[in-house]
Each structure stands twice: as C-alpha cells, then as structure tokens.
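Participant: One-letter residues, chain by chain:
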Amino acid sequence: MHTAANLTYRYDGTFAGLLCCVFESYAAHEMPEAIWGPDMPEQSLFEEKEILTDNRHAERVERSIPAKIGNEAEELVRLAFFTTLPDKELTVLRFLRQGYHYGASVLDFAGEDSVHRLREAVKHLLSEAHLLKGFIRFSVQHNVLVTTIGPKNYVLPFLARHFSERYPEEHILIYDETHRMALIYRPYEYGIIPMDAFRAAPPDDEERKFRSLWQTFYDAIEIKPRHNEKCRRNFMPKRYWSYMTEFSRACSKNSVMHV
Amino acid sequence: MDVFEKLRILSDAAKYDAACTSSGVDKKASRGGMGSAAACGICHSFAGDGRCISLLKVLMTNVCVYDCAYCVNRVSHDTLRTAFTPRELADLTMQFYRRNYIEGLFLSSGVMGSADATCERMIETLRILREEYRFAGYIHAKAIPGANQALVARLGLLADRLSVNIEMPSGASLAKLAPDKTKKAILAPMGYMQQRIAESSHDLVRYRHAPRFAPAGQSTQMIIGASPETDYHILKLTAGLYARYDLKRVFFSAYVPVTESPLLPSLETPPPLWREHRLYQADWLLRFYGFTVDEILDEQHPGFHPYMDPKCHWALQHKDFFPLEVNRASFEELLRVPGIGVKSAWRIIKARRACALTWDSLGKIGVVVKRAQYFLLCRGRQRSGIVWERSAVLAALMSARERALYEAQEGEVRQMSLFAGATVPLLTSKERRELQCIQLPI
Ligand code: SF4
Numbered sequence: 216m217h218t219a220a221n222l223t224y225r226y227d228g229t230f231a232g233l234l235c236c237v238f239e240s241y242a243a244h245e246m247p248e249a250i251w252g253p254d255m256p257e258q259s260l261f262e263e264k265e266i267l268t269d270n271r272h273a274e275r276v277e278r279s280i281p282a283k284i285g286n287e288a289e290e291l292v293r294l295a296f297f298t299t300l301p302d303k304e305l306t307v308l309r310f311l312r313q314g315y316h317y318g319a320s321v322l323d324f325a326g327e328d329s330v331h332r333l334r335e336a337v338k339h340l341l342s343e344a345h346l347l348k349g350f351i352r353f354s355v356q357h358n359v360l361v362t363t364i365g366p367k368n369y370v371l372p373f374l375a376r377h378f379s380e381r382y383p384e385e386h387i388l389i390y391d392e393t394h395r396m397a398l399i400y401r402p403y404e405y406g407i408i409p410m411d412a413f414r415a416a417p418p419d420d421e422e423r424k425f426r427s428l429w430q431t432f433y434d435a436i437e438i439k440p441r442h443n444e445k446c447r448r449n450f451m452p453k454r455y456w457s458y459m460t461e462f463s464r465a466c467s468k469n470s471v472m473h474v
Numbered sequence: 180m181d182v183f184e185k186l187r188i189l190s191d192a193a194k195y196d197a198a199c200t201s202s203g204v205d206k207k208a209s210r211g212g213m214g215s216a217a218a219c220g221i222c223h224s225f226a227g228d229g230r231c232i233s234l235l236k237v238l239m240t241n242v243c244v245y246d247c248a249y250c251v252n253r254v255s256h257d258t259l260r261t262a263f264t265p266r267e268l269a270d271l272t273m274q275f276y277r278r279n280y281i282e283g284l285f286l287s288s289g290v291m292g293s294a295d296a297t298c299e300r301m302i303e304t305l306r307i308l309r310e311e312y313r314f315a316g317y318i319h320a321k322a323i324p325g326a327n328q329a330l331v332a333r334l335g336l337l338a339d340r341l342s343v344n345i346e347m348p349s350g351a352s353l354a355k356l357a358p359d360k361t362k363k364a365i366l367a368p369m370g371y372m373q374q375r376i377a378e379s380s381h382d383l384v385r386y387r388h389a390p391r392f393a394p395a396g397q398s399t400q401m402i403i404g405a406s407p408e409t410d411y412h413i414l415k416l417t418a419g420l421y422a423r424y425d426l427k428r429v430f431f432s433a434y435v436p437v438t439e440s441p442l443l444p445s446l447e448t449p450p451p452l453w454r455e456h457r458l459y460q461a462d463w464l465l466r467f468y469g470f471t472v473d474e475i476l477d478e479q480h481p482g483f484h485p486y487m488d489p490k491c492h493w494a495l496q497h498k499d500f501f502p503l504e505v506n507r508a509s510f511e512e513l514l515r516v517p518g519i520g521v522k523s524a525w526r527i528i529k530a531r532r533a534c535a536l537t538w539d540s541l542g543k544i545g546v547v548v549k550r551a552q553y554f555l556l557c558r559g560r561q562r563s564g565i566v567w568e569r570s571a572v573l574a575a576l577m578s579a580r581e582r583a584l585y586e587a588q589e590g591e592v593r594q595m596s597l598f599a600g601a602t603v604p605l606l607t608s609k610e611r612r613e614l615q616c617i618q619l620p621i
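Protein sequences, first through last, are from chains Y and S.
Going by my numbering, the first residue of the first sequence is number 216, and it counts up by one from there.
Going by my numbering, the first residue of the second sequence is number 180, and it counts up by one from there.
Read the hints as simulated data drawn from the structure, not as lab findings.
Glycine included, C-beta positions come from ideal geometry on N, C-alpha and C.
One or more of the hints may lead you astray.
To be verified - Label-pair distances were calculated between CB atoms; the ranges are:
{"id": "1", "chain 1": "S", "residue 1": "PRO390", "chain 2": "Y", "residue 2": "ARG448", "range": "41 to 47 Å"}
{"id": "2", "chain 1": "Y", "residue 1": "THR299", "chain 2": "S", "residue 2": "PRO481", "range": "27 to 33 Å"}
{"id": "3", "chain 1": "S", "residue 1": "LYS549", "chain 2": "Y", "residue 2": "GLN258", "range": "37 to 43 Å"}
{"id": "4", "chain 1": "Y", "residue 1": "THR299", "chain 2": "S", "residue 2": "ILE565", "range": "34 to 40 Å"}
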C-alpha cells in the first residue's frame with residue numbers, strides 16, 4: 216500500500232459511498248490523506264479522486280465487516296457515520312484497515328487511536344440522543360405534536376423509535392434545524408425527510424395554559440436552599456435551554472387566562 | 180381554587196421527597212394507548228437545585244391529620260390546604276406527558292380523613308390513567324401507612340413502583356418526631372409489598388400475562404439530619420433494608436428545616452448535603468462494588484470523612500492492598516481502586532486479553548488516571564512523574580463535585596491551605612499519618 220501524498224477521496228456523503236471509499240482504498244492499494252463529502256469546497260492543492268458509489272462494491276464491504284471483524288465493529292462503523300467527528304470517514308477507513316488485519320480483537324486495542332476516537336464520537340452521539348428524549352418539548356398544534364431541535368449530532372434516527380413507541384396514536388413532527396431534516400410520524404409509520412425550514416404556529420389558549428402550568432411546576436419543585444446552578448448546567452447544558460418550555464416565558468406568562 | 184394554584188401548592192409540598200427516578204421497567208403502549216418506560220430512566224429537566232425532574236411529583240392533597248414535626252403538611256402547621264380531584268390530576272398528567280414534559284407521575288399524599296380514604300383517592304387517579312386513558316407511562320405511588328392491605332394490593336397493580344417512607348432512621352426518632360406513625364405501621368406494608376412483588380415475578384414465569392405487581396419494585400427514603408443517628412447506623416439500616424425487603428433503592432433526603440421546633444435543628448441550619456452525598460456514595464459501594472458496611476465505617480469511626488469519598492478513604496487506609504498490577508488484578512480488586520468504576524474495570528479485563536495495558540491506554544479505557552495512578556502499577560511500573568506530595572495526592576483524590584459541595588457549604592475553597600501540614604483541622608492525626616505513608620512509593 217502506498218500513501219499518496221495529498222491524495223483526497225471525494226464521495227457522495229452516503230454510507231454506501233463511504234463503503235466504496237474503503238473498497239477503492241483496497242483495490243488501488245492506497246491510503247488517502249482525507250475523505251471529503253460533497254459539501255467540502257474544492258482545494259486545488261490536493262489531488263482529488265472522485266469515488267463513485269457502486270452498490271455492488273458497497274455490499275461487498277458491508278458483508279465483510281461482520282464476517283471479518285464482527286458485529287460490534289459493524290455497529291460502531293454505522294453509528295460513527297452519524298456523528299460529528301470531523302474526519303469520521305478517514306477514521307472509519309483506518310479502523311477498518313486495522314480490523315481486516317487483526318480481526319475482532321482490534322476493538323480491544325485500548326491504545327488504538329481510531330477505535331478510541333470512534334467510540335468517543337459514538338458516545339457523544341448516543342448521549343445527545345438520550346438527552347433529547349427527555350429535553351424535547353412538544354407543542355400541540357392542530358392535534359399534531361411539533362417541535363424544533365438544534366442538536367450537534369444527527370440524532371433523528373435514534374429518536375424515531377422512542378417517540379413512536381411513546382405516542383403510537385399521535386402525529387408527530389420533529390424538525391432538526393442543524394441538519395435541516397424532519398422526523399415525521401403518523402400511526403404507525405415514520406420517515407425522515409429533508410426540510411428547509413419549519414416554523415410552529417403561535418400557541419393557542421390551551422397550549423399556553425399547559426406551558427404555563429409546566430413553568431409553575433418547574434419553579435415550585437426547586438428546593439431553594441439547595442440551589443445549585445453548576446449542577447443544573449452540568450446535567451442540562453445551556454445550549455438546549457432555548458428550545459425548552461421552562462426557559463421561554465416571554466409571551467406566555469401574563470397573557471394566559473387562568474381558568 | 181384554580182388548577183395553577185393547586186399545582187403550585189401540591190408540588191411545593193411534595194418536593195422534599197428525594198426519589199424521582201423513572202427507571203426499572205421497560206415497556207411500551209399498546210395500540211390505542213399512550214406511553215412507554217425506559218429501563219435506564221429519562222430526565223426531562225433539571226431544577227434550579229440540580230435535581231433531575233423525571234416525574235410529575237405532587238401530592239394528592241396537603242391536608243393531613245398527622246403531626247410529623249419535620250413535615251410542612253403537618254396538621255399543626257398554618258398553611259393553605261387543597262386537594263386535586265382524581266380527574267384533574269389524571270388530566271394534568273396526560274397533558275404534561277403528551278408534551279414530553281415528564282416520564283410519568285409520582286404520587287404521594289397527606290392523610291385526608293383516613294389512610295383508607297386517601298388511598299382510595301389515589302387509586303381512583305391511577306385507575307383513570309391506566310384504564311380510561313390507557314396510560315402506559317411510569318407511575319410511582321406512595322403506600323399510605325395504615326391503609327388496608329387490599330387497597331395496597333390494588334395500588335400495586337396500577338403502579339410501576341411502590342414505596343413507603345421509613346422517614347426516620349430509628350424507631351426512637353420516629354416516636355419522637357412522627358408520633359402518629361409506628362415502625363410497625365411502616366414495615367408492615369413494606370413486608371407485604373415485598374411478598375407480593377416476589378410472588379408476582381414468580382407467577383410471571385408461569386403465566387406470561389399475569390398482572391404484575393409493582394414491576395419496578397419498591398423503594399424507601401429516610402430523612403437525614405433531623406435526628407441524631409450516625410452515618411454508620413444509617414448505613415447499617417440501609418444494608419438491612421436491602422437484605423430484608425429486597426428494595427430497589429434506598430433514598431436519602433437531607434433535611435431542609437421547614438419549621439421551628441425544639442425537637443429539630445434550627446431554621447438556619449443548612450441541609451446536610453455532604454452527608455446525603457456520602458451516603459449515596461456508600462450505598463453505591465454496597466450495591467455495586469462489593470463493600471460491606473463495616474469496611475466503610477465502624478463503631479470507632481461512625482461518621483464519613485467530609486471531603487474525601489468513602490472509596491478513596493478506604494484506599495488510603497489500606498495501603499497494604501496496593502499497588503495492584505493492572506494487568507493481573509482480579510475484577511473485584513480493580514473495583515477497589517479509586518478512579519476505576521464498574522465499567523472501566525470490566526473494560527480493563529477485556530482489553531488486557533488483547534495486549535498488556537500501558538498507562539497511556541488506561542485513560543482511553545475510561546480510568547481516571549489522575550486518581551488511580553497512586554494505586555496501580557502498569558507492567559510493573561509506576562506512572563512516571565507522579566508527585567507523592569500529600570497536598571497533590573489529596574487534590575487529585577477530591578472530585579470536582581466534592582469541591583463544589585465544599586464551596587456550597589464552606590464558601591471559597593482555599594484548596595491547598597486546607598491540607599497544609601499541621602493546621603489541617605479535618606484530618607485526625609491517624610489519618611494524617613496514613614497520608615504521610617503514601618508519600619513513600621508504596
Ligand atoms: S403523615 Fe406524611 S404528610 Fe402527614 S404530616 Fe406526616 S409526613 Fe407529613
């Protein structure tokens with residue numbers, strides 16, 4: 216294998232496309248310096264090789280991972296693809312190359328950098344998905360549960376099952392404004408689709424009433440002599456607050472009719 | 180009174196209860212229903228005091244015929260009284276749940292009329308939720324001491340978790356501070372519930388669709404710092420409760436003075452947060468780390484060290500046990516090392532099969548090397564550059580949380596001066612000697 220200085224792969228940004236990069240790296244006996252998706256602007260300094268997505272190649276690689284490195288490795292790679300790790304493609308390629316060489320034990324190489332980085336990134340992804348299962352606040356709008364989130368990771372696929380099991384009879388829309396994608400659920404199916412923008416309608420009286428009741432509860436439940444701002448922010452990072460009912464009170468507080 | 184006012188009063192009166200977890204069962208709604216529960220538990224928010232909000236924690240009513248000295252709802256306290264109707268509370272729960280504010284309901288109550296009447300009102304709320312609204316989310320209900328066993332049985336079939344608060348860590352304190360409650364009235368439903376929970380999991384093996392009695396088990400809580408029991412006494416009691424009643428959790432609640440009484444700490448007394456925190460750490464050591472109560476505390480040392488967690492404290496007192504070679508130590512031995520948790524111990528065992536671990540790889544596995552370094556060897560070697568100076572060791576062994584807690588209790592941490600030489604007020608001379616010892620390469 217030669218490492219071509221400045222060789223860059225460019226792929227279409229899909230998981231199958233990434234698997235084709237792995238295929239190419241083996242077929243051409245080369246290791247690229249970087250793997251870029253379609254959004255990365257062109258850099259004339261580097262020699263760029265366009266990797267076309269060929270499903271037969273992708274499938275071969277896909278089958279080989281569980282067979283040669285095991286199911287855990289397959290899952291790690293699949294999950295890593297949804298993370299925010301900046302050079303996740305190259306890290307996946309490095310990891311798989313190690314894996315094809317050493318087999319499943321590569322996962323136990325504590326010192327191996329690519330395993331460690333993929334694991335950390337996946338941990339971050341799953342923990343953000345877990346937090347959002349709790350922090351998401353729905354508004355009821357024309358009998359549809361709607362919300363907007365701004366996650367760092369691409370978490371929608373990890374929320375789909377959770378919310379469809381929680382609200383099997385509801386219609387749901389979760390808009391991810393970071394990735395401009397929306398999770399749409401109706402009984403009993405869901406889909407994740409690209410969406411450029413979404414804006415919830417202003418809340419009606421009933422919606423305002425329950426928001427305000429929730430704020431009432433949130434304030435009452437704190438034990439004041441135990442106030443601990445550090446702890447609160449530690450568990451619930453500030454970047455989530457602007458999406459949460461208990462912290463957005465501008466319009467609701469006084470305009471609500473107490474019934 | 181409108182529902183806003185009721186909610187404000189009845190959540191305000193319920194907040195001193197520590198238990199708010201929704202963990203322990205995994206289930207989902209059947210079609211036509213609403214709700215699921217995740218075994219790992221989900222926090223929906225964190226209150227200003229940093230505690231997780233998972234459940235709508237409210238009282239059915241704050242009317243109470245009893246007169247427990249430590250409680251805001253006691254009959255002799257002059258406060259505004261109200262009660263939810265079962266329908267009101269069930270609707271509120273559903274509306275909150277639908278908007279993803281909560282995982283479910285945590286329902287407790289003052290005793291309105293009689294224990295039975297109160298229990299019936301709670302049952303009616305849960306019945307509406309489960310049967311009419313087909314709510315499959317999490318419900319934690321408090322059994323009211325003194326209520327008829329048939330009612331407790333009904334409650335147990337509707338709720339995921341039941342609990343009776345043991346309230347005070349001893350019968351004597353209970354008699355003094357909660358004169359209407361007896362130890363027997365509290366332990367009787369606990370024993371009954373334990374029996375039903377055991378039977379129910381037994382039945383489930385035989386009949387797959389047998390209705391489950393409190394599938395998430397039972398828990399209890401006690402108030403810390405309103406009465407004179409020592410940490411050692413409380414921990415002994417805790418271990419006994421786990422063993423005798425199969426409890427899932429024992430919760431500790433630092434007493435927040437809510438009333439002036441000659442029987443209780445004065446209103447200015449800050450809640451003993453550090454004690455509560457230490458008890459949770461010790462509880463963890465009992466349940467997951469293979470420690471026994473007497474290893475953590477004993478008659479001679481009945482109180483926790485204020486600024487050192489019990490595991491580090493144990494390690495510093497058992498220097499013959501260390502250092503452990505990380506590539507050879509057993510799982511149980513690894514669990515004794517500060518900076519190694521259950522997960523990282525397990526990862527060490529797995530990883531070292533592939534190749535002998537180095538200091539570098541330990542951090543990546545999740546070991547807190549900063550703490551563990553004083554107690555481990557890696558391939559026969561100490562970590563290079565360890566500073567064995569006492570203040571450095573202590574600083575490394577105190578967690579950020581411990582420092583935060585310290586700050587909340589005592590103000591500014593003058594971190595190192597605290598431990599500087601002979602002026603240390605917090606360490607006994609014996610402890611100081613022990614700490615001297617670990618300055619030598621062990
Ligand atoms: S019985 Fe419960 S609510 Fe009533 S005073 Fe005692 S602790 Fe408070």
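Participant: Now look at each hint and say whether the structure bears it out.
Facilitator: Hint-by-hint comparison with the structure:
1. For S/PRO390 and Y/ARG448, the Cβ-Cβ distance of about 43 Å falls inside the hinted range of 41 to 47 Å, so the restraint holds.
2. Between Y/THR299 and S/PRO481, the C-beta spacing of about 50 Å breaks the proposed range 27 to 33 Å.
3. Distance hint check for S/LYS549 and Y/GLN258: the Cβ-Cβ separation is about 40 Å, which falls inside the suggested range of 37 to 43 Å.
4. Taken as a hint, the range 34 to 40 Å holds for the pair Y/THR299 and S/ILE565, whose Cβ atoms sit roughly 35 Å apart.
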